[in-house]
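Undergrad: Modelling step: build the complete structure from the supplied sequences, incorporating the hints.
The residues making up each chain are set out below.
There are 2 protein chains.
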Amino acid sequence: MTPQAQAPILEALLACRARGVAPFYAPGHKGSPLRDLEGKLPLEAAVFELDLPELPEFDSLHDPQGPIQAAQQLAAELYGAAQTWFLVNGSTCGVQAMILAVCKPGDTILVPRNAHRSVAAGLILADAVPVYLEPQVWQTQGLVLGVSAQSVAEALATHPQARGVLLVSPSYDGISCDLAQIAEVVHDHGLPLLVDEAHGAHFGFHPDLPPLALASGADLVVQSTHKTLSALSQASMLHLGQGGRVQPGRVAQALRLLQTTSPSSVLLASLDLARRQLALQGKQLMQETLNLAAQARSWKLDRLQILAPQHLPAGYQLDPTRLCVLLSDLALTGFDADDWLREQFGVVAELPSLRQLVFILSLGNTQTHLERLKAGLVALEEFPKSQIQNAPLPAPPTSPPLRLSPRQAYFAPAVAVPLETAIGAISAELLCPYPPGIPIVMPGEEITAEIVDYLHLLKMSPGCTISGAADPQLRTIRVVQLS
Amino acid sequence: MTPQAQAPILEALLACRARGVAPFYAPGHKGSPLRDLEGKLPLEAAVFELDLPELPEFDSLHDPQGPIQAAQQLAAELYGAAQTWFLVNGSTCGVQAMILAVCKPGDTILVPRNAHRSVAAGLILADAVPVYLEPQVWQTQGLVLGVSAQSVAEALATHPQARGVLLVSPSYDGISCDLAQIAEVVHDHGLPLLVDEAHGAHFGFHPDLPPLALASGADLVVQSTHKTLSALSQASMLHLGQGGRVQPGRVAQALRLLQTTSPSSVLLASLDLARRQLALQGKQLMQETLNLAAQARSWKLDRLQILAPQHLPAGYQLDPTRLCVLLSDLALTGFDADDWLREQFGVVAELPSLRQLVFILSLGNTQTHLERLKAGLVALEEFPKSQIQNAPLPAPPTSPPLRLSPRQAYFAPAVAVPLETAIGAISAELLCPYPPGIPIVMPGEEITAEIVDYLHLLKMSPGCTISGAADPQLRTIRVVQLS
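These protein sequences, in sequence, are chains A and B. Going by the numbering used here, the first sequence opens with residue 3, and the numbers climb by one from there. Going by the numbering used here, the second sequence opens with residue 3, and the numbers climb by one from there.
Check each hint, because a few of them may be wrong.
A few chain A positions that, by computed beta-carbon distances, are all more than 12 Å from chain B [unchecked claim]:
#1 Ala217
#2 Leu292
#3 Thr400
Computed cross-link-like contacts, DSS-like style, restricted to lysine-lysine with a CA-CA straight-line distance of at most 25 Å [claimed, not checked]:
#4 B:Lys302 - B:Lys387
#5 B:Lys387 - B:Lys285
#6 A:Lys376 - A:Lys302
#7 A:Lys376 - A:Lys387
#8 B:Lys42 - A:Lys42
#9 A:Lys106 - B:Lys106
Source of the hints: derived by calculation from the structure; they are not laboratory data. Yeah, the Cβ is synthetic: ideal placement off N, Cα and C, and Gly gets one too.
TA: Shown next, in the form of structure tokens:
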């Protein structure tokens with residue numbers, strides 16, 4: 003058989019499906035297809051037949067005047083948005099469009115230090131200059147909580163030239179900031195609040211869930227409809243708030259730069275169907291998911307803990323459907339626990355880290371999935387108790403000075419140098435230790451002696467990984483080559 | 003029934019499908035699904051189940067080390083590329099990545115005046131400065147032919163600071179430039195040749211088709227695998243040539259900016275399956291498509307002509323599968339003919355213009371489709387003969403001076419002013435009359451008196467449309483507001 007007879011991607015996907023795991027990851031549909039009102043499966047039945055171009059009978063994503071416009075309008079009404087854009091290039095392009103809509107080259111924007119990498123990409127594309135907000139960290143667990151209203155107020159006082167504030171809420175772990183209070187602070191400065199709500203598309207559709215960022219006054223909000231609802235992967239939404247602080251024309255113009263001119267009608271239809279499902283059955287589906295989550299929270303676990311609202315300091319809210327399992331008392335890392343659960347129980351988490359495992363519960367999960375999770379966690383408790391003290395992580399170095407904008411650093415020639423000789427150079431890469439997932443150096447920032455010392459310390463910490471580096475062993479680091 | 007029970011996008015797609023038209027548009031699969039080696043329909047059967055995230059068992063698009071890497075490697079081998087990247091944000095992001103990989107801010111790049119709007123977007127994102135290559139035009143038909151090797155050589159002589167040359171080949175109408183000769187000219191200057199081959203993913207897989215841009219020596223090539231082959235919409239490929247003139251790291255870095263971090267595994271699988279189909283059955287499928295095209299070219303038509311190789315001047319090649327029907331002798335425009343064919347015969351073209359209709363024939367078309375096309379065209383011939391002379395279009399104005407880079411113009415504040423008062427101002431928009439589809443003014447260019455005169459002339463020409471303007475009546479034009 004010729005090698006060309008292989009189809010590695012399909013074969014891998016079929017193998018994943020054949021394993022029949024209990025899925026606690028995104029996409030939220032977990033393989034359960036979207037149905038029409040008669041219970042039929044239009045997308046499953048005819049993906050290729052429904053994969054149509056921007057015919058006059060259909061519509062154009064970049065200049066919608068027909069069904070796409072109508073579908074976006076229905077989504078806007080459901081979410082309480084002034085306007086909604088459907089996205090086919092993921093929340094990534096929504097985050098980038100938010101930055102491009104608010105910043106001209108050289109403009110300052112406040113962004114959290116623990117932002118998703120799409121924020122760094124947006125800064126590079128717009129040539130915006132970041133002022134980083136340091137999120138609060140729960141040191142013992144190595145968990146990022148989020149940004150407080152006070153830190154936003156302080157940053158705005160020191161950086162009156164800022165054009166807007168971008169936040170991530172909720173976090174991967176399901177922790178939301180006090181967006182209503184933050185929105186007040188930001189709006190008092192006459193600025194727009196932009197929220198990466200990728201993990202919160204289901205918020206507000208049940209009284210036990212945190213409120214939507216839009217309801218808290220946010221001006222632009224991106225949601226991964228595929229992450230906690232039923233849309234297909236890379237199908238997202240961008241909502242405009244009611245405050246009139248952002249020009250919708252600037253958003254549409256940015257999205258024209260960032261999205262294909264051949265959008266998939268199937269991805270768009272999945273957004274439309276996910277919106278309808280949420281509108282017609284949202285509360286009931288959320289209730290079922292919340293019931294599963296409440297069950298999990300009622301399990302009698304000795305050595306494992308599931309993150310609960312009472313663990314969090316005031317000002318932070320927890321998405322009850324997000325199960326963040328704290329492994330502090332066990333003598334194995336989250337990475338090892340993740341491998342073990344997958345291999346032994348076919349239970350797949352969304353995100354392992356050193357001391358936690360995050361499980362996404364969504365409307366696609368079932369009682370069977372939950373029982374497998376319980377069996378896995380109960381067995382995990384048999385692992386020996388940790389012998390090492392759960393010492394708090396060493397305090398991270400202070401944020402270094404920004405010497406080049408992220409865009410300047412992106413385009414600058416770079417060279418790899420030994421870590422020891424990098425002190426004083428400008429980093430060409432982002433280095434982000436997990437836990438807690440806050441970059442200690444971003445492209446364009448100076449590599450200080452304190453940072454090099456901290457990196458040496460991290461390299462010796464078992465289970466700590468550093469993401470973003472071209473050399474994963476971190477013997478070398480890429481720095482900007484100044485001519 | 004609540005309005006939220008509607009699903010406008012799905013309903014529109016189902017209605018399109020129910021009409022059962024003869025499709026002569028992209029995507030190339032024309033609704034015919036990709037099968038596995040046993041003839042089964044894995045994607046149709048389980049779109050949601052196969053929509054999986056970047057699990058460890060699967061792979062990561064931005065850092066592929068497993069099945070995605072293997073699939074890209076098979077595609078590279080099939081196309082003769084040094085490396086291939088699968089794209090889930092359409093050829094749009096591939097064109098942008100080509101520009102970002104070759105240009106730093108302020109760098110000059112040669113681009114054809116008739117480029118797709120993704121090129122303008124790429125110039126904006128990279129802050130590259132375009133030098134426009136004027137394509138040759140067949141004035142009587144209002145058809146753009148392409149860029150000649152001579153005009154590339156002249157432009158490179160006058161602009162030695164250029165960092166690369168980007169071309170579109172083939173055109174929408176199926177016309178290819180002499181890429182081998184152009185590549186020689188470009189390589190003699192030590193520069194890379196970038197080719198937007200969106201409409202030529204099927205080239206080179208049959209001796210009667212034009213050669214692939216890669217085979218002609220191109221250094222980076224984007225192909226819309228969904229346009230003439232069987233991938234799903236917005237699934238494309240970017241190939242690196244063998245010349246070593248572009249750093250693959252720069253390409254990968256750009257694609258990380260431009261593509262979602264939640265890529266659809268279904269889109270990726272469709273690229274993998276389309277590649278396998280082409281490898282195993284390509285020549286036979288191309289033969290069948292060529293047979294359909296040959297049939298169409300043998301029809302006895304009196305007033306309609308199908309563009310044929312002998313119509314083209316030396317140096318240009320025609321994709322025989324692309325049927326560009328010339329309406330010169332009929333008293334109706336291509337737009338009217340398009341509507342009429344769609345309504346009366348359910349025959350849907352890819353692209354109507356004033357004096358042509360372009361039909362895409364691909365491996366998804368059948369004998370039945372072709373017979374409906376024949377019936378439609380034969381009936382179209384009954385329309386009265388044109389009473390107006392087919393006067394050549396007025397010669398377009400010379401390209402105006404570039405006063406701001408496209409990026410500067412994108413971010414500049416803009417205001418709408420009456421056309422008459424715009425002389426001397428800097429355009430904030432692209433104005434592109436069809437035919438022939440070559441912009442007469444681009445963002446950042448000066449609006450000259452000659453351009454305003456020409457726009458007045460176009461406004462009085464029946465059937466001429468001007469795309470890109472915020473005011474489609476062109477009473478006003480958006481210009482940069484200089485502070």
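Undergrad: Each hint: holds or not?
TA: Hint check:
For Ala217 of chain A, the requirement that its beta carbon stay farther than 12 Å from each beta carbon of chain B is met, with the minimum near 18 Å. No Cβ of chain B approaches the Cβ of Leu292 of chain A within 12 Å, the least distance being about 22 Å, so the stated non-interface status holds. Every CB of chain B lies more than 12 Å from the CB of Thr400 of chain A, the least distance being 28 Å, so the non-interface label holds. Proposed proximity of Lys302 of chain B and Lys387 of chain B is supported: the alpha carbons are some 17 Å apart, at most 25 Å.
Proposed proximity of Lys387 of chain B and Lys285 of chain B is contradicted: the alpha carbons are some 41 Å apart, above 25 Å. Note on Lys376 of chain A and Lys302 of chain A: the hinted pairing holds, with a Cα-Cα distance of about 10 Å set against a maximum of 25 Å. For the given pair, Lys376 of chain A sits about 19 Å from Lys387 of chain A by alpha-carbon distance, which is consistent with the 25 Å threshold. Note on Lys42 of chain B and Lys42 of chain A: the hinted pairing holds, with a Cα-Cα distance of about 21 Å set against a maximum of 25 Å.
Between Lys106 of chain A and Lys106 of chain B the alpha-carbon distance is near 18 Å, which keeps this suggested pair within the 25 Å criterion.
Checked against the numbered hints listed earlier, the structure breaks hint 5 alone; every other hint is satisfied.
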